[in-house]
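Asks: First to last, the sequence lines map onto chains A and B.
The first sequence runs contiguously to residue 160 in my numbering.
The second sequence runs contiguously to residue 1187 in my numbering.
Each hint can be trusted.
Some chain A residues close to chain B (C-beta under 7 Å, calculated; not the full set):
#1 GLU27
#2 THR34
#3 HIS37
#4 ASP38
#5 ASN45
#6 MET46
#7 GLY48
#8 LYS49
#9 ARG51
#10 MET138
#11 THR142
#12 ARG145
Source of the hints: derived by calculation from the structure; they are not laboratory data.
Being a predicted model, the structure only gives us computed values, none of them experimental.
Glycine included, every Cβ here is placed at the ideal spot set by N, Cα and C.
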Amino acid sequence: MNQHEFSPRYPSRPLMQFIVNNEGRYELYTEAITLLHDLVVELTNMDGKSRFTPQEINRELEAIDQRLIGAQIRTAGSSNHTSSRQKLVEVRQNIDENHQLANRIRNLNADFAAESVYNKPTSELTQNTARIFVSGMMSLYTTLRILHRQYAALKETPDN
Amino acid sequence: MARYYYSSQPFLAWCFNHYFYGGVHFAWVGAPFYPYRLPNPTSSNPFRIYQDLYEPWKDRDRFSRTIAQMRLDVRKGVIAGTNPRSLKRRRLFRLCDDISQVFFYPIVYRVDVDLIAPVRLELGGSGEEVGSQEFKIVDLHEGQPNEFDILFADFQVEGVPSYMLDLWNGGFTERQALELLETKGLV
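Given the sequences, and given the hints that come with them, work out the whole structure.
Replies: Next comes the structure, spelled out in structure tokens:
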């Protein structure tokens, strides 16, 4: 096990720019990372409590995916159709990869609970892996928040 | 079982619950306020949460991990309390992301669990795993009877901006509160 294995998959710099320079995409993507954070945070035992059940999170993430598919379809008539469509595919892939990683961390916890003779499900191992993921998600959120604010400020500048 | 349970939250969360979700408040509550030597982990310890929020708030620490965490927590409330694609969700998300740190001043909910029907006291997380004293309550109501008190709302002593005191005193409609938060709070 190494830290990289449980760190969230960050979008590339161009993909981050693609996300933050559109209100709808920013809202959808940050909503997804908020939900993924919630899926794992409980396992850290220190970074907060979860708000939603895993079933609720799966449902919300599915709805986000459907909206991204809708956005892909709507790009058909635009001039930069291929590039936007490709980037929307990458956004969906990124959310899916992070969702799988979050589920893997949850499964590790469940496996340990099944094997433990101490009946203590949230083991040190899963706490550590959960902390790596949750910290990474918070960093990703902070980075996007700052980039989005910079983008909004740039847009409001008269020269732009 | 203890009678009083506590939840430390940023003032922003109270504002959102009070003005935008019909006065229905969400809280993870733990007991006692300082569960020293009890099984409650840090995330279920109202005293630790208060401390972890108060210190960066007082220090105006722009890089505080706890405040970033709270921004995400208030966002979760927005997901639960608004419709997808609504303008309200977008505006509240923006407040979560960009509102001044001054709104993360911690306050403490004190809940008399004897007044709450047991079916509303959800056990979860470390409550189930390690037997910590905590519950999730998704629908704490203001009004008569008030299902909770707020402690440590020492706005004047702390010298917070007057518009925060105005919000605390109530009297705004949802629209007015949203406009006030956007005009005064966004940085």
